[in-house]
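Mind docking chain P on chain R? Use the hints.
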Amino acid sequence: MNDMQFLTWVRGTGLDIAVSIFVLGVLWRLFEIYSLGRKPDLAAPRSTPGASGWNTVFRRSVPPPGMVKRSPVSYIGGYVFHIGLAIVVFLFAPHILLVENLTGLSWPGLPSQFVDLAAVVTMAAMVVVLFDRINKPVKRYLSTFGDWFTWTLTFLPVLTGWMAVQHLVLPYTTMLALHILSVELLLIFLPFTKLFHAFTVFGSRWYIGKINGHKGVVV
Amino acid sequence: MSASLEKGIRVLKEVIDAPMASYFSSCVHCGLCAEACLFYTETGDPKYTPIHKLEPLRRLYEQEYTLLGRLGKLVGLSKPVTDDELEEWKELVYNSCTLCGRCSAVCPVGNDIVYMVRKFREGMSASGHAPEGIIGAVNRTVTIGSPMGVKLPAVKAQMKHVEEDYGLPIPLDAEGAEYMVMLSSMEIINFPEYLAAIAKIMHQAGKTWTLCSTAFEATNAGMQIGNSDLAKLLVMRIVDGAEKLKVKTVISPECGHAYSALRWEGANLIGRPFTFKVQHIIEVLGEFQELGLLKTEGFETDKLTFHDPCQLARRGGVIKQQRNLMNMIAKDFVEMPDAGYMNWCCGGGGGASAIEEGEELRMEAFKKKKSQLDAVKPDRLVTACANCRIVLEEGLEHYQMDIPVLGLTELIAEHIPDQTSAKGA
Chain R
75 MNDMQFLTWV
85 RGTGLDIAVS
95 IFVLGVLWRL
105 FEIYSLGRKP
115 DLAAPRSTPG
125 ASGWNTVFRR
135 SVPPPGMVKR
145 SPVSYIGGYV
155 FHIGLAIVVF
165 LFAPHILLVE
175 NLTGLSWPGL
185 PSQFVDLAAV
195 VTMAAMVVVL
205 FDRINKPVKR
215 YLSTFGDWFT
225 WTLTFLPVLT
235 GWMAVQHLVL
245 PYTTMLALHI
255 LSVELLLIFL
265 PFTKLFHAFT
275 VFGSRWYIGK
285 INGHKGVVV
Chain P
19 MSASLEKGIR
29 VLKEVIDAPM
39 ASYFSSCVHC
49 GLCAEACLFY
59 TETGDPKYTP
69 IHKLEPLRRL
79 YEQEYTLLGR
89 LGKLVGLSKP
99 VTDDELEEWK
109 ELVYNSCTLC
119 GRCSAVCPVG
129 NDIVYMVRKF
139 REGMSASGHA
149 PEGIIGAVNR
159 TVTIGSPMGV
169 KLPAVKAQMK
179 HVEEDYGLPI
189 PLDAEGAEYM
199 VMLSSMEIIN
209 FPEYLAAIAK
219 IMHQAGKTWT
229 LCSTAFEATN
239 AGMQIGNSDL
249 AKLLVMRIVD
259 GAEKLKVKTV
269 ISPECGHAYS
279 ALRWEGANLI
289 GRPFTFKVQH
299 IIEVLGEFQE
309 LGLLKTEGFE
319 TDKLTFHDPC
329 QLARRGGVIK
339 QQRNLMNMIA
349 KDFVEMPDAG
359 YMNWCCGGGG
369 GASAIEEGEE
379 LRMEAFKKKK
389 SQLDAVKPDR
399 LVTACANCRI
409 VLEEGLEHYQ
419 MDIPVLGLTE
429 LIAEHIPDQT
439 SAKGA
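Going down the list, the protein sequences come from chains R and P. Per my numbering, the first sequence starts with residue 75, numbered consecutively. Per my numbering, the second sequence starts with residue 19, numbered consecutively.
Calculated from the structure, these hints are not laboratory results. Just so you know, not all the hints are guaranteed correct.
[Claimed, not checked] A few chain R positions that, by computed beta-carbon distances, are all more than 12 Å from chain P:
no.	residue
1	Asn76
2	Ile161
3	Pro185
4	Asp190
5	Val195
6	Glu258
7	Leu259
8	Val275
[Said to hold, decoys possible] Cross-link-like lysine-lysine pairs, in silico, BS3-like; alpha carbons within 25 Å at most:
no.	chain 1	residue 1	chain 2	residue 2
9	R	Lys113	P	Lys97
10	R	Lys143	P	Lys385
11	P	Lys65	R	Lys210
12	P	Lys65	R	Lys143
13	P	Lys250	R	Lys113
14	P	Lys266	P	Lys225
15	R	Lys284	P	Lys338
16	R	Lys143	P	Lys386
17	P	Lys97	R	Lys268
18	R	Lys113	P	Lys295
19	P	Lys91	R	Lys268
20	R	Lys210	P	Lys31
21	P	Lys31	R	Lys284
22	P	Lys266	R	Lys268
23	R	Lys284	P	Lys250
24	P	Lys31	R	Lys113
25	P	Lys25	R	Lys143
26	R	Lys143	P	Lys388
[Unchecked claim] One-sided and incomplete, this derived list gives chain P residues near chain R with beta-carbon spacing under 10 Å:
no.	residue
27	Ser43
28	His47
29	Cys51
30	Ala331
Here the structure is a predicted model, which is why all the values come from computation and not from measurement. Using N, Cα and C, we set each Cβ at its ideal position, and we do this for glycine too.
Pulled out of the complex, with its shape left as it was, chain P reads as follows:
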């Protein structure tokens, strides 16, 4: 897969559509998007203004799709997009954008800036201007099957551990199961509690579920880097697995972008609607709670707060469920300022956390999360995204804040009464 400027420009010309043309024509340079972006608010550097991150794309739009722009190009009045410029923009499009979508939420003329950044990345990647860190994750995904290099034996080993520790079976490739459960590499390596939690929750709800040996990895590096061909390939693995096992619902793990990739981009990437439903684990838990299939006992008594993953809440529309679930098991659940739809990003979404050279900036941007946390001073921080969790832990350690971070699914599972001796799964 060779990248070149020509290829990048061709891809960009393809992704430009009517919404984008409307957005670029509507921008009045008011700069309000900057006030919504943690990379600007925490650094004060105007180059991080979200709409500015799209400048090469805007010029290309003007030069290719507007009458005056084409005239300008003919007489040599407009500056062509160059490799040097795109290389300069790499930091703006990847390191300092987590696709959190806060800019899109505040733009007074209604410009969906994050929609455009996501598409801009297609051209950045095709022209060879994606960051090394994400390229590495992509290469591992292509060759090994997961961005962190996790293979099936690692999953099987974890399945075995959970089965031994909890006495609950972890079904693999069970045809006709209602739910197919996806994992993220991060969970397989760092948070094995997640799989155990799923086993307990499904057992209590009396639902059939399965893992899939050919599709266990939910994350999608193709979406992060901006390579639709690869993103499609990764989604297709899951679609094939789900259709082979004839499951009704595929559950996206506690991973924000995996959810966006599968739930919202998936069908568009493969060019047809799915034959199964896609739900984030928090949606499934919310549904179980409503149906009375989720029964917990006892409460956490320390002060807990919840960090909304951007792709789940602002970009994914799941906002109430996590709050109902928190209240089910916590006596002292407090909300941070701006929680919910307008929550601030952890600073590492959209592939940003894989970019080594972006770490310093990420830590700077984390001051926003720090101020949110300082406002409520929680004892522990709960979230529902393994990537947020890692980034939050790094940030908290950097600022020497002693706040443990945990996943909501595992926290819920801790409150499910032990019933291994009861009915089978």
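In isolation and in its complexed conformation, chain R is listed as follows:
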């Protein structure tokens, strides 16, 4: 298989397989989790402004007082790489073009130099949080194979995408094919690893907000 055939495969069959597993996986996991349901709360509710599921979905994006100081790398590193990923994934013109070709939906992107910078900053932040995971006793203690694996799954698409754009190390065609392949691996594993928090984070925040909101507690 030469470079071109490799690229054709990842763009065709490979993508089909990955997207299918991703979509079915996400639907299955969401069903598997949320179909468990929960018992209704029979305690007399107390209503307090701001105590609700939806409020907490948004509120939890802001660190509680004093916590940034206790774990600055988690918060600052976490914000930087999440926002960075969002910029790189959704605001890079070729990505938007891909979505437009697939769905017809389109939105304005950012200049490629800016996205380039965002990619570098994202990778730097990811390396820092990885170092923190190795270095901090609690994170190291909690870490399993899944944590190192998902870090790699997330890092590779950013790295290969950036290298493809920069024409580094390998010919563009090969690097682009590797980039797409790494994204496909990410899609395949996302529903079955901790990366699935990208979906469940909303449900979890809603539940904690709702359950405590019933008590009039703003969480």
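Leaving out everything else, chain P in the frame of chain R:
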């Protein structure tokens, strides 16, 4: 009631629900919950990371309720939960967790960790891995009626003392009273001032109230150990008493978990809504204050601070009332760092204070409270939970800090003008 691993696993499978599945699926191992837990911050031992305290439960969830986990179990890839493991986890689930809920307050993905620990205890208890200290309290509750072994004659004796000392009647089993007042064993034995305070406060407010001879004990060891059947039985005693006396409101005493058990878990335990209201005494006082039914005179002039009981503030949503009440009677009321919603636990909630072998760890964790107190250097410390009060006193004594601890209700009552000769109760 025989406990076994099979029973424990069955109970755990029953308590796993959608929120829990969502929480376990959302955890990214960021470790921020550790930074919110005083057992971690004061010891630096990562095993006290709150989410780690749930590891056996998480694995069971994965093995039983996820496709990949079930496959893994089929081909023998996953480690089953064993008795030895649960025994090892006993310290993490009971001794080093007071159900304070600080971890739940900081989790960035919104995992309600304390919600899960509370449910995990159901399985721990059913599989026979609850600590001796709490089992003892449970047994006394079942056989005698209260965790500290207090019986009705002890309550009656105290009623008599208060009536003699203050000249105020203490009604017992008065049908149709507006309020039914609950006590905690701790108050009956250690803090008789509480009952006197209630008598004065109700007398001034002109409210009818009563104690109930079949339901005076508010604490709920069933909730602490994690035995819903027992917790239900204890709640039912109170419900029966309240419905028999046809009261409008049942008042939970200055006891954090008693309030949670009755106010938030009670109706769910018995499977139907209550026909009466449940309020913590601090909520009642706050309401009286707002309505002008609580009139005090004079001020405390020394420096006072307030320790928020976790179950009242963070877990119960009562935060403003105690501050308004403090300001009503104190000239120099200062707040500790993190006071209110994010206050740090005394270290002995959720049954932890009943665990003898957990004392050393509790004292270690108390360094957090010490640092909060060192920051404001109060002359006296006020709280609204008899268990916090005992744990605070122990901790203060251990660190040779001379700070008296008192209950807010009795402090308020001290400022109520003497009016025994006025109108009757």
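The hints, checked one at a time:
1. Asn76: Given that every Cβ of chain P is farther than 12 Å from that of Asn76/R, nearest at about 36 Å, it holds.
2. Ile161: holds (20 Å)
3. Pro185: The claim holds: Pro185/R sits with its nearest Cβ about 31 Å from chain P, beyond 12 Å.
4. Asp190: holds (27 Å)
5. Val195: About 20 Å separates Val195/R from the closest Cβ of chain P, which puts it past 12 Å; holds.
6. Glu258: Answer for Glu258/R: holds, closest chain P Cβ roughly 19 Å.
7. Leu259: For Leu259/R, whose nearest Cβ neighbour in chain P is about 17 Å away, the distance exceeds 12 Å, so it holds.
8. Val275: violated (5 Å)
9. Lys113/R / Lys97/P: Outside the cut-off at roughly 30 Å; violated.
10. Lys143/R / Lys385/P: holds (19 Å)
11. Lys65/P / Lys210/R: holds (13 Å)
12. Lys65/P / Lys143/R: Holds, because 22 Å separates the two Cα atoms, which is no more than 25 Å.
13. Lys250/P / Lys113/R: holds (16 Å)
14. Lys266/P / Lys225/P: holds (12 Å)
15. Lys284/R / Lys338/P: With Cα atoms ~21 Å apart, Lys284/R and Lys338/P stay inside 25 Å; holds.
16. Lys143/R / Lys386/P: holds (17 Å)
17. Lys97/P / Lys268/R: holds (19 Å)
18. Lys113/R / Lys295/P: holds (21 Å)
19. Lys91/P / Lys268/R: Distance ~19 Å between Lys91/P and Lys268/R Cα, so the pair holds.
20. Lys210/R / Lys31/P: Given that 25 Å is the threshold and the Cα spacing comes to 33 Å, the pair is violated.
21. Lys31/P / Lys284/R: The hint holds at about 23 Å.
22. Lys266/P / Lys268/R: violated (49 Å)
23. Lys284/R / Lys250/P: Within the cut-off at roughly 24 Å; holds.
24. Lys31/P / Lys113/R: holds (14 Å)
25. Lys25/P / Lys143/R: violated (44 Å)
26. Lys143/R / Lys388/P: Between Lys143/R and Lys388/P the Cα gap is close to 20 Å, so the pair holds against 25 Å.
27. Ser43: holds (4 Å)
28. His47: Given a least distance of 4 Å, the restraint on His47/P holds.
29. Cys51: holds (9 Å)
30. Ala331: holds (9 Å)
In summary, the structure is inconsistent with hints 8, 9, 20, 22 and 25 from the numbered list given earlier, while agreeing with the others.
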